[in-house]
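From first to last, the protein sequence lines stand for chains A and B. Counting in our numbering, the first sequence runs from 4 upward without gaps. Counting in our numbering, the second sequence runs from 190 upward without gaps.
Please keep in mind that the hints were generated in silico from the structure rather than gathered at the bench. Keep in mind that this is a model prediction, so the values were computed, not measured. Possibly wrong hints are sitting among the right ones.
[Said to hold, decoys possible] Taking CB as the label site, the calculated pair distances span:
| # | chain 1 | residue 1 | chain 2 | residue 2 | range |
| --- | --- | --- | --- | --- | --- |
| 1 | B | R214 | A | G205 | 35 to 43 Å |
| 2 | A | R489 | B | E356 | 31 to 39 Å |
| 3 | A | E84 | B | S353 | 39 to 47 Å |
[To be verified] Sample of chain B residues at the chain A side, in silico, Cβ under 7 Å:
| # | residue |
| --- | --- |
| 4 | L232 |
| 5 | I233 |
| 6 | H237 |
| 7 | E241 |
| 8 | V268 |
| 9 | F271 |
| 10 | T276 |
| 11 | P279 |
| 12 | T291 |
| 13 | Y294 |
| 14 | V295 |
| 15 | C329 |
| 16 | S332 |
| 17 | C333 |
| 18 | G334 |
| 19 | L335 |
From the three backbone atoms N, C-alpha and C, an ideal C-beta is built for every residue, glycine too.
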Amino acid sequence: MNRSDLEALAQRELQRQQAFRCRILCCASTPCLSSGATAVYDAINAAIKEGELDAEVQAVSTGCMGPCSRGPMVTVQVKDEGEFIYEHVSPEVGRQLVAYHARSAAPPAEELPEPLRTRLLPSDMPFFAKQRKVVLSNSGLIDPERLEDYVARGGYAALAHALREMTPEEVCREIINSGLRGRGGAGYPTGLKWDMVRKARGDKKYVIANGDEGDPGAYMDRTLMESDPHRVLEGMAIAGYAVGADQGYIYVRGEYPIAAKRLERAIRTAERRGLLGSRILDSNFNFRIDVRIGAGAFVCGEETALMASIMGRRGQPTPRPPYPAQSGLWGKPTLINNVETFGNIAPIIQNGAEWFASIGTAKSKGTKIFALAGKVATTGLIEVPMGITLREIVYDIGGGIPNGLAFKAAQTGGPSGGCIPAQYLDTPVDYESLKALGSIMGSGGLIIMDEHSCMVDVAKFFMEFCMDESCGKCVPCRVGTVQMHRLLERITDGSATLQDLETLKELCVMVKETSLCGLGQSAPNPVLSTIQYFLDEYEAHIRERRCPAGVCTLEKTPVTEWVHA
Amino acid sequence: MSVKTSPPPRARSQAVREHPSGDPRFNLIDRTLKRFSYQQDALIEVLHTAQETFGFLSDDLLIYVARQLKLPLSWVYGVATFYHFFTLKPQGKHTCIVCMGTACYVKRAAEIVAALQQAFHVEPGGTTADGLLSLSTARCLGSCGLAPVLVLDGEVLGRETPESTLERVRQLLLAEQSDAAPSANGDAMHVTNGGIHEPI
Numbered sequence: 004m005n006r007s008d009l010e011a012l013a014q015r016e017l018q019r020q021q022a023f024r025c026r027i028l029c030c031a032s033t034p035c036l037s038s039g040a041t042a043v044y045d046a047i048n049a050a051i052k053e054g055e056l057d058a059e060v061q062a063v064s065t066g067c068m069g070p071c072s073r074g075p076m077v078t079v080q081v082k083d084e085g086e087f088i089y090e091h092v093s094p095e096v097g098r099q100l101v102a103y104h105a106r107s108a109a110p111p112a113e114e115l116p117e118p119l120r121t122r123l124l125p126s127d128m129p130f131f132a133k134q135r136k137v138v139l140s141n142s143g144l145i146d147p148e149r150l151e152d153y154v155a156r157g158g159y160a161a162l163a164h165a166l167r168e169m170t171p172e173e174v175c176r177e178i179i180n181s182g183l184r185g186r187g188g189a190g191y192p193t194g195l196k197w198d199m200v201r202k203a204r205g206d207k208k209y210v211i212a213n214g215d216e217g218d219p220g221a222y223m224d225r226t227l228m229e230s231d232p233h234r235v236l237e238g239m240a241i242a243g244y245a246v247g248a249d250q251g252y253i254y255v256r257g258e259y260p261i262a263a264k265r266l267e268r269a270i271r272t273a274e275r276r277g278l279l280g281s282r283i284l285d286s287n288f289n290f291r292i293d294v295r296i297g298a299g300a301f302v303c304g305e306e307t308a309l310m311a312s313i314m315g316r317r318g319q320p321t322p323r324p325p326y327p328a329q330s331g332l333w334g335k336p337t338l339i340n341n342v343e344t345f346g347n348i349a350p351i352i353q354n355g356a357e358w359f360a361s362i363g364t365a366k367s368k369g370t371k372i373f374a375l376a377g378k379v380a381t382t383g384l385i386e387v388p389m390g391i392t393l394r395e396i397v398y399d400i401g402g403g404i405p406n407g408l409a410f411k412a413a414q415t416g417g418p419s420g421g422c423i424p425a426q427y428l429d430t431p432v433d434y435e436s437l438k439a440l441g442s443i444m445g446s447g448g449l450i451i452m453d454e455h456s457c458m459v460d461v462a463k464f465f466m467e468f469c470m471d472e473s474c475g476k477c478v479p480c481r482v483g484t485v486q487m488h489r490l491l492e493r494i495t496d497g498s499a500t501l502q503d504l505e506t507l508k509e510l511c512v513m514v515k516e517t518s519l520c521g522l523g524q525s526a527p528n529p530v531l532s533t534i535q536y537f538l539d540e541y542e543a544h545i546r547e548r549r550c551p552a553g554v555c556t557l558e559k560t561p562v563t564e565w566v567h568a
Numbered sequence: 190m191s192v193k194t195s196p197p198p199r200a201r202s203q204a205v206r207e208h209p210s211g212d213p214r215f216n217l218i219d220r221t222l223k224r225f226s227y228q229q230d231a232l233i234e235v236l237h238t239a240q241e242t243f244g245f246l247s248d249d250l251l252i253y254v255a256r257q258l259k260l261p262l263s264w265v266y267g268v269a270t271f272y273h274f275f276t277l278k279p280q281g282k283h284t285c286i287v288c289m290g291t292a293c294y295v296k297r298a299a300e301i302v303a304a305l306q307q308a309f310h311v312e313p314g315g316t317t318a319d320g321l322l323s324l325s326t327a328r329c330l331g332s333c334g335l336a337p338v339l340v341l342d343g344e345v346l347g348r349e350t351p352e353s354t355l356e357r358v359r360q361l362l363l364a365e366q367s368d369a370a371p372s373a374n375g376d377a378m379h380v381t382n383g384g385i386h387e388p389i
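Please model the complete structure; the sequences and the hints are all you need to start from.
Structural data, given as structure tokens:
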């Protein structure tokens, strides 16, 4: 396939889609599937068949549409009339949707018959209006299992452009100019990393997409891989061209079987069409991608541990330097980026670095995907421009805290991040501001907590996680996390003294500064940030033996009390 | 000169189906081994296939994989115990995985685990004495919008409460007992055999 074949394929697919008067898009990503989306899709297809509407109405199973708590989601696109988004669609409602929208003219939304009217989401709903979709621009609109759908929306055009019009050096320069930073959490400038691997000497180089999303409460990478797998592959292929690699790996979490299946399928289709494999788009560039399934280890999100896991070993990190850019997989120069970072590449090449740099703040460019969860009215997956305030995310996009309760804290960055209290709700969300608050951007988990969440208990929860997930290689992390967890357990069961709080703080600093890899270095973050902002809660547990949120039982007494008695 | 070629290939394919171990499931592992041309780097992929096929990684399986990949058994054992996904113990007939990710935790998933623990006398990561129910917890199932989430026999269930979960599991086990009633002995035998493992 060459560039004109690609354009012809896009044209053909667009014409095919425009032949339908009405397209019914049914979300088929994991959250909607667990609320019964398969039955809805089948019912809609059956209704189309029964009504003999095959020529006019098309049902498409797509990726994630965003508001996962409102699933199963269905979007109806009617020619000349616009888009209608429905929530909580049951098979019965699905059949009614087909019957209603298949008729030629639809009355305005207020005149919709029940139960469609109550399930229709207003088109100006802040959940959608406040978002800016760059990486997820296809998500929810295309069938992830069809290459044609992706190509019709401009897919692989960026790869064709890069191969034809740009040198590897120019590609790296473009990414540097765009200001894109790694979306895995640390925020290292992506372009610089690419340039480093490009300049590294080596006959063989590798590209790795990190899809080992171990952070509990985060599922951005999975959604992207499930909803738009070709975008990730295209980003990786462009990276391969830029750094001079001919082999790529996508490391997918073992808990994500659908994502792995869709990626495998996407790779096979792309190879068959000459968009991956050898002589891509009739150029001299060869690039193969293989999927590697992880086996459940949080530490494998760390790049050196991830490479060990790809090589079939225990996922234990190694000290850096040497950095993967010099010596990575099998000792060869290796580029590792997060899946979401690769999702940004095609739009940057297609629209130019200036366009991308115009979104976001001075130092954090572009958009960020967050998995909004916890105590908010609408939970789900959102993509927002950098610099948006937390208040907008919680109250406009998320629809506020349910049951009339007050916002207490937002937790970002999972076990490596921290909690942001209510007084900082107006902080812009970007790498620097979050870091200044003692949290991190992280991979994109955003958990909202209300008054019924005990912050000491939350800190204990994350510490337990880090304790279990510590790989055991370095002492500060292996022993420190256990000791910190014990101290937190004592605070929550009532047997702690004020001295324990001091010991906890000391340990936090020690573990943070002496651990080998990111897991240990960031494990104390949730404790430090909750001590910083919610010290009164810690003190209430210790001094008054009372849990302000009513979560902890505090049934024991400090040993000092009964020893002297 | 014409040579009759049809009988030998048939005989050979017969031979391929008969695995030396006598267990045809090993053929699936061999297929994965061949796909990765017996490269030692493919260890995790091979273990994935082995667990998918056998349900858990017995000592025999680990020895088999180690021999085939020419790796020390300690290495294979080290990898198999490092990753949470691999289990070295046989699983119960039904599995219940409760998500303990942050979103589920904030929405009180711990209470569901405690309720199950108390009602069925099983620790997370363990199996009931009758081998019917395995309880485990997961880090995050990525369905945070539906928190708290659990997976019962492969089916993802969202917005659970301790009561609704207990009810579901009870129903499941009740159906099991009424099914098993006519051949209760046979079933019990099957479970104990699966539970006892004899190393070679």
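Hints versus structure:
| no. | hint | result |
| --- | --- | --- |
| 1 | B:R214 - A:G205: 35 to 43 Å | holds, 41 Å |
| 2 | A:R489 - B:E356: 31 to 39 Å | holds, 36 Å |
| 3 | A:E84 - B:S353: 39 to 47 Å | holds, 41 Å |
| 4 | L232 | holds, 4 Å |
| 5 | I233 | holds, 5 Å |
| 6 | H237 | holds, 6 Å |
| 7 | E241 | violated, 10 Å |
| 8 | V268 | holds, 6 Å |
| 9 | F271 | holds, 4 Å |
| 10 | T276 | violated, 11 Å |
| 11 | P279 | violated, 19 Å |
| 12 | T291 | holds, 4 Å |
| 13 | Y294 | holds, 5 Å |
| 14 | V295 | holds, 5 Å |
| 15 | C329 | holds, 4 Å |
| 16 | S332 | holds, 5 Å |
| 17 | C333 | holds, 4 Å |
| 18 | G334 | holds, 3 Å |
| 19 | L335 | holds, 6 Å |
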